Amino acid sequence: MRNVTDLLSGAGNKIPLFKVFMSEEAISNATGVLNSGFVGQGPSVEEFEKQLKPYVGENVLTLNSGTSALQLALFLAGVKNGSNVITTPMTCTATNTAILDRQAKIIFADVNAKDGNINVDDVLSILKTGVKASAVMVVSWGGYPPDLERLYNITREYDTVLIHDAAHAFGARIDEHLISEFADFTCFSFQAIKHLTTVDGGALVCKDKEQYKRGKLLRWYGLDREGKSDFRCAQNVKEAGFKYHMNDLNASIGLGNLKYIDWILERHISNANEITKGIEGCNKVGVIPNDSSRSNQYWVLTILVDEVDKFISFLDTNGINASRVHARNDKHECFTTSRNLFGLTEFYSHQVSIPCGWWLSKEDIEKIVLTIRRYCDGVH
2 MRNVTDLLSG AGNKIPLFKV FMSEEAISNA TGVLNSGFVG QGPSVEEFEK
52 QLKPYVGENV LTLNSGTSAL QLALFLAGVK NGSNVITTPM TCTATNTAIL
102 DRQAKIIFAD VNAKDGNINV DDVLSILKTG VKASAVMVVS WGGYPPDLER
152 LYNITREYDT VLIHDAAHAF GARIDEHLIS EFADFTCFSF QAIKHLTTVD
202 GGALVCKDKE QYKRGKLLRW YGLDREGKSD FRCAQNVKEA GFKYHMNDLN
252 ASIGLGNLKY IDWILERHIS NANEITKGIE GCNKVGVIPN DSSRSNQYWV
302 LTILVDEVDK FISFLDTNGI NASRVHARND KHECFTTSRN LFGLTEFYSH
352 QVSIPCGWWL SKEDIEKIVL TIRRYCDGVH
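To convert, take the position in the sequence shown, counting from 1, and add 1; that gives our numbering.
Calculated from the structure, these hints are not laboratory results. Just so it is clear, the structure is predicted and the values come from calculations on it, not from any experiment. Using N, Cα and C, we set each Cβ at its ideal position, and we do this for glycine too. One thing to keep in mind: the hints can contain errors.
As a list, the in silico DSSO-like pairs of lysine-lysine whose alpha-carbon atoms are at most 27 Å apart [as the list claims (entries may be wrong)]:
#1 Lys210 <-> Lys133
#2 Lys20 <-> Lys217
#3 Lys260 <-> Lys20
#4 Lys15 <-> Lys244
#5 Lys244 <-> Lys106
#6 Lys106 <-> Lys133
#7 Lys129 <-> Lys208
#8 Lys285 <-> Lys54
#9 Lys106 <-> Lys129
#10 Lys54 <-> Lys217
#11 Lys311 <-> Lys115
#12 Lys278 <-> Lys363
#13 Lys368 <-> Lys51
#14 Lys363 <-> Lys260
#15 Lys217 <-> Lys260
#16 Lys260 <-> Lys54
#17 Lys129 <-> Lys115
#18 Lys20 <-> Lys363
#19 Lys15 <-> Lys51
#20 Lys363 <-> Lys285
#21 Lys285 <-> Lys368
#22 Lys115 <-> Lys278
#23 Lys210 <-> Lys51
Quick list of the computed label-pair ranges, beta carbon to beta carbon [to be verified]:
#24 Asp102 <-> Glu227: 48 to 58 Å
#25 Cys335 <-> Arg151: 24 to 34 Å
#26 Gly282 <-> Pro44: 29 to 39 Å
#27 Arg151 <-> Ala241: 35 to 45 Å
#28 Lys51 <-> Glu158: 53 to 63 Å
#29 Gly41 <-> Gly282: 37 to 47 Å
#30 Gly43 <-> Cys377: 18 to 28 Å
#31 Cys335 <-> Asp225: 17 to 27 Å
#32 Tyr261 <-> Phe39: 23 to 33 Å
Can you build the whole structure from these sequences, using the hints too?
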């Protein structure tokens, strides 16, 4: 079995599925912070949040990880011991371990067999049975948002909270609106191999201004860091919080890399479109259908094939890394379900992700297309 590092640049001569983007400005910024004598949460964090707003939304809180964003969102949503959370099983385990950390009960909804996103009809059917859910957790698989507008309307009808794990979908829009407009809480990841990296980090966008203010206190123990007193610990902490804040070192790296985010996003999208066009008509490969109103940010390009392991092996032999990326969560021992997830079984048995990132050269794209077409033609 391959190690995850095999999918990264630096692990060999193969075209990597993932690659870390690190600009010279990010390195220079980080050096400046390291030499400044102050590396905690400060002016770089404040500036980073300001520059993030056009991409993620107004009420943004930067945090030390995308997982912290999920955990804080669940806390703000009132999820606690015994709560029910409807969620997707087709995601990184961090999405759902965050729910277990709140000692809540997971109810897995099925996913769409064609795109891997949560099946909105199944979410509705669960709620119609009378289940009281404290939250509904959804994911934009590979960067393609689910039907967030319909999901948000359903959660209003059933008096629950919509949390969107948008770790794959930085900058995504629906009908030109930021995706954060369609959920109570939207969570982003700036982990090493995401579109935008701060080495590690994340952000939470709150739809409600009061929840944003509350989250701002909770990310650092419940303390008001904008208060006038130099001795913050003398404050009366009204609600116990966490140590989830971002620091200036990570923020400075984010600021340096953010200068290139438009180019990064454009490259992911254009590369994915070029590869998709190049493999069009291949009888052994299917592409995920896209609703043109929902922008696909293509963190990875997920395609559907009949024999996943055989396909991955063929690409690997020809110098291209591919992977399922995440395992279906319902098969992990820590997550149990008695529901029949037919869409998930269909999607997972066929889905595989191939490179489409900013690092691909014209020759890389041609090689990926040619290799997949050779596979489809039976040239093994």
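Hints, verified against the model:
no.: 1; hint: Lys210 <-> Lys133; verdict: holds, 25 Å
no.: 2; hint: Lys20 <-> Lys217; verdict: violated, 32 Å
no.: 3; hint: Lys260 <-> Lys20; verdict: holds, 18 Å
no.: 4; hint: Lys15 <-> Lys244; verdict: violated, 39 Å
no.: 5; hint: Lys244 <-> Lys106; verdict: holds, 25 Å
no.: 6; hint: Lys106 <-> Lys133; verdict: holds, 11 Å
no.: 7; hint: Lys129 <-> Lys208; verdict: holds, 25 Å
no.: 8; hint: Lys285 <-> Lys54; verdict: violated, 42 Å
no.: 9; hint: Lys106 <-> Lys129; verdict: holds, 18 Å
no.: 10; hint: Lys54 <-> Lys217; verdict: holds, 16 Å
no.: 11; hint: Lys311 <-> Lys115; verdict: holds, 20 Å
no.: 12; hint: Lys278 <-> Lys363; verdict: holds, 14 Å
no.: 13; hint: Lys368 <-> Lys51; verdict: violated, 40 Å
no.: 14; hint: Lys363 <-> Lys260; verdict: holds, 23 Å
no.: 15; hint: Lys217 <-> Lys260; verdict: holds, 25 Å
no.: 16; hint: Lys260 <-> Lys54; verdict: holds, 14 Å
no.: 17; hint: Lys129 <-> Lys115; verdict: holds, 24 Å
no.: 18; hint: Lys20 <-> Lys363; verdict: holds, 17 Å
no.: 19; hint: Lys15 <-> Lys51; verdict: violated, 38 Å
no.: 20; hint: Lys363 <-> Lys285; verdict: holds, 24 Å
no.: 21; hint: Lys285 <-> Lys368; verdict: holds, 18 Å
no.: 22; hint: Lys115 <-> Lys278; verdict: holds, 18 Å
no.: 23; hint: Lys210 <-> Lys51; verdict: holds, 16 Å
no.: 24; hint: Asp102 <-> Glu227: 48 to 58 Å; verdict: violated, 28 Å
no.: 25; hint: Cys335 <-> Arg151: 24 to 34 Å; verdict: holds, 30 Å
no.: 26; hint: Gly282 <-> Pro44: 29 to 39 Å; verdict: violated, 54 Å
no.: 27; hint: Arg151 <-> Ala241: 35 to 45 Å; verdict: holds, 36 Å
no.: 28; hint: Lys51 <-> Glu158: 53 to 63 Å; verdict: violated, 36 Å
no.: 29; hint: Gly41 <-> Gly282: 37 to 47 Å; verdict: violated, 55 Å
no.: 30; hint: Gly43 <-> Cys377: 18 to 28 Å; verdict: violated, 54 Å
no.: 31; hint: Cys335 <-> Asp225: 17 to 27 Å; verdict: violated, 36 Å
no.: 32; hint: Tyr261 <-> Phe39: 23 to 33 Å; verdict: holds, 26 Å
The structure does not agree with the numbered hints 2, 4, 8, 13, 19, 24, 26, 28, 29, 30 and 31 stated previously, though it agrees with the rest.
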